[in-house]
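Chains as they are written, first to last, in our numbering: chain A, 2 to 150; chain B, -6 to 95; chain C, 158 to 296; chain D, 275 to 631.
Please note that the accuracy of each hint is not assured.
Unchecked claim - Straight-line Cα separation of at most 20 angstroms, SDA-like style, residue types lysine to any residue; simulated pairs:
1) D:308 x A:25
2) D:308 x A:38
3) D:482 x C:233
4) D:308 x B:76
5) A:69 x C:163
6) D:482 x C:234
7) D:308 x D:297
8) A:69 x C:217
9) D:534 x D:457
10) D:308 x B:15
11) D:308 x D:376
12) C:224 x C:162
13) D:364 x A:129
14) C:224 x D:297
15) D:308 x D:367
16) C:224 x D:494
17) A:69 x C:161
18) D:308 x A:29
19) D:308 x B:49
20) D:482 x C:237
21) D:364 x A:34
22) D:308 x A:26
23) A:69 x C:162
24) D:482 x C:227
25) D:482 x D:528
26) D:308 x B:17
27) A:69 x B:17
28) D:482 x C:245
29) D:364 x A:131
30) D:364 x A:136
31) D:482 x C:241
32) C:224 x D:497
33) D:364 x A:25
34) D:308 x A:132
35) A:69 x C:218
36) D:364 x A:137
37) C:224 x B:49
To be verified - The following residues of chain B were derived to be distant from chain A, with all beta-carbon distances above 10 angstroms:
38) -2
39) 15
40) 76
By construction, these hints were calculated from the structure, which means they are not laboratory data.
What you are looking at is a predicted structure, and each value in this text was computed from that prediction instead of being measured.
Every residue gets a Cβ at the ideal spot worked out from N, C-alpha and C, and that includes glycine.
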Amino acid sequence: MSFLLDHLNYVAVVVLMMGGLFIVFSSGNLIKRMVGLAIFQTSTGLFYISLAKVSGGTAPIMINAASKEGQALAAELDLAYVAAHGLDGVVYSNPLPHVLILTAIVVGVSTLAVGLAIAVRLREAYGTLEADEIAALDRETPKSTGAGP
Amino acid sequence: MLLLAAAAGLMIAMAMMIVRAILGPSHYDRILAANSFGAKTVLLIAVIGFVFGRPAFLDIAISYALINFVTTIALMKFFRYRSLEAPLTPPEPRGIGEAGGD
Amino acid sequence: MTDALPLVGGGLAIAGVLLVLLGAIGVLRFPDVYTRIHAASITDTGGASLMILGLCLIAGLSPITLKLVIAWAFIMVTCPAAAHALANAAFSSGHSPWIGSFRIMRESDEQAAVQTGPQTGPQTGPKKPGPKKPGLQKQ
Amino acid sequence: MSGAISFLDANLAIDLALLAMLVVLAAAIAMTRKLLAAILLMGVYSLVSAVWLVVMDAPDVAFTEAVVGAGVSTIVLLGAILLTRAEAEKTGWGRLIAPALIAVATGALLVYAALDLPSFGDPTSPANAYVGRTYLEVASRDTGAANVVTAVLASYRGFDTLGETTVIFAAGVGVALALGFGERAAPASRLMAGATGDHNVVLRVAAKLLIPIIALFAFYVQFHGDLGPGGGFQAGVILAVAVILHALVFGLRETMTAVKPSFARGVAALGVLLYSGIGVVCIVNGGGFLDYGHLFTAEIEAQIPPGLLGDPGATHHWGQHFGIFFIELGVLFTVAATMVTIFYGFAGRSPGGEAKL
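Pulled out of the complex, with its shape left as it was, chain A reads as follows (with noise of 0.2 angstroms):
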């Protein structure tokens, strides 16, 4: 494969990951960020499963070399490429990786939740989700910044 193909997934990736970064730079509105936030994080993790991918592997769950399956699997499998890497029999793909997104995207939910909670309570307190407004406000009556509901 050239050189662009090998690394085509990590440009795109990066592409997705400026998108959610130019969404969150350039709107003005507390949900467009955490909207924009998501999405970068959405593509952090697709990075970090590009990097664990291996050519020809599979999941990293364990199947039984001798089965049906896994000797479909094996068939599919250049066996100078095995060697050459120093792999026995089915390849895996590198399950650690697998296991820090895993656990990032349940507690990317969770903190979204707390950051559109605190968006909310800013509305609420404000009555605007626009960041420049609540500034405004902010310089206006520096006072009752601090005076929530």
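Model the placement of chains B, C and D on the given structure of chain A, informed by the hints.
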């Protein structure tokens, strides 16, 4: 090879759904597109499992089929009633009192 | 015989995909929500049935077949229910079909029309049946 | 299976097609000002990325992304929009220049760095060659779990997972502190959802059919986690989705009588307690924290019949087995109860009028 063609066809259909979800024009069109997209995703995951020799991952497809429904109901309820907490009551009773409730 | 089963299964899967593609074209090209729901829901369930039948033939008799059947059962329950809910919500929030207003159907139930009118006022922003029609016909 | 198109090419083609879809979706989210459309597209984005994760051999992550991204996070975002407003202010073109420049510059730097990475799918890359390979070799033997991801999650990196579980619990507490436990939920009689002309019977029947099945499926995912994709995180979210579906169809008040907010709070705390309690039991029995080899003392281990889980000849890892079991149970409790608490917080805060308080 046939299954690979099937996966390609499903992805084309999914791309069409994305176009509909982006274009709208009404929110109901978008929900429809998202829901239909979910149904195609279920099929695609099943097919991909067979293409790559690990068909045991159908659990994911099953959970999609279920979750997709819940999300569609939530979106529908949001657009229709502007509320997530309201119950979807049965239609006005026509002489049969509370029958058909729970 | 056993060699032919995967081929038949693949053929069924392709048939299902063709159905799904037809539905997708319908969703893209049909003029209003109701026709699109019609296109999507029928082809989704029909295509899913064909595809899952095909995959069952490929899988043979195994736990995977059971899972496929379960997935099929869920699709057959959720897709029509969701499509119904969607069409119902669109209809009762005053979304007009492309062929014209459905007020005729509502005349027997004038109170309902009065009640739903203001309630759905703020959320009917994007539906503009009038100017929408010509644009979509040109496609 | 081997034909004109090889396994690898097919994998790469599907991979790139899905990434292209993701890029289109991200661009569409960035463009739209309608928050509702953005959220809907966000749900579709999660679906696509979950399919992509399946292609990338990460079914566990795909499972999580599916149930979390397409399910809970969409619903939570909807709840937040319900309490605020559904349209973002228009930002002028001038305001977009600086963010675009920042994004492009950062992206260029990252692409420059990414080109130095080992090529995609390289089995000898530093990320894949060392600890990941070791886990693959030893995990199944050490813990008896076929799913290496579950083994690493619950056993080798159990301490990390405890931290994650605690963060989820803390996030639930944070949402509850900010939005309440849904005690403002209006009684059903005050809500006019069943507007005239709506026919909700089909939905009610379908929901009644599906809620127990979803809950049952959650437990299947929970207890199947050793052998296939699944585990406490996914099962917890699916269980919470069953409760959320009940609330969506039958009303929040109704659900709150079935699953009380105080009960949800209690279960969330109980999960973390169960998790850390297992760790403490291991310490008491002479091991380290979460050292499952010491979960049972030798006398107890001797009393477990050898054929309890099928094959009597197999070496068994009762400590590992039960340790993973209880820890996943703790994760299930915390995740499910926290998601329910979060949903109660958002859905139960009646929109409008609250700002006057």
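- Message: For residue 364 of chain D and residue 34 of chain A, compute the direct alpha-carbon distance and say whether it is at most 20 angstroms.
- Response: holds (14 angstroms)
- Message: residue 224 of chain C and residue 49 of chain B were given as a pair; does the straight-line alpha-carbon distance stay at or below 20 angstroms?
- Response: The given pair, whose Cα atoms are some 9 angstroms apart, holds under the 20 angstroms limit.
- Would you check the hint for residue 69 of chain A and residue 161 of chain C, treating anything up to 20 angstroms between C-alpha atoms as holding? Distance of about 18 angstroms is within 20 angstroms: holds.
- Message: Between the alpha carbons of residue 534 of chain D and residue 457 of chain D, is the straight-line distance 20 angstroms or under?
- Response: Holds, at roughly 11 angstroms.
- Query: Can the restraint linking residue 364 of chain D and residue 131 of chain A be considered satisfied, given a maximum Cα separation of 20 angstroms?
  - Reply: Cα-Cα ~10 angstroms, so holds.
- Query: Is the straight-line distance between the alpha-carbon of residue 364 of chain D and that of residue 137 of chain A 20 angstroms or less?
  - Reply: Status holds; Cα separation ~17 angstroms.
- Message: Holds or violated: residue 308 of chain D and residue 76 of chain B, Cα atoms, limit 20 angstroms.
- Response: Distance ~18 angstroms between residue 308 of chain D and residue 76 of chain B Cα, so the pair holds.
- Message: Hinted pair, alpha-carbon criterion (20 angstroms max): residue 364 of chain D, residue 136 of chain A. Please report holds or violated.
- Response: holds (17 angstroms)
- Query: Can the restraint linking residue 482 of chain D and residue 528 of chain D be considered satisfied, given a maximum Cα separation of 20 angstroms?
  - Reply: holds (13 angstroms)
- Message: Does residue 227 of chain C sit within 20 angstroms of residue 482 of chain D, going by the straight-line distance between their CA atoms?
- Response: Status holds; Cα separation ~17 angstroms.
- Item | Agreement of residue 308 of chain D and residue 26 of chain A with the hint, judged by alpha carbon distance not exceeding 20 angstroms | holds (17 angstroms)
- Item | Restraint status (C-alpha distance of residue 482 of chain D to residue 237 of chain C at most 20 angstroms) | holds (15 angstroms)
Comparing the model with each earlier hint shows violations of hints 11, 14, 19 and 27; every other hint is respected.
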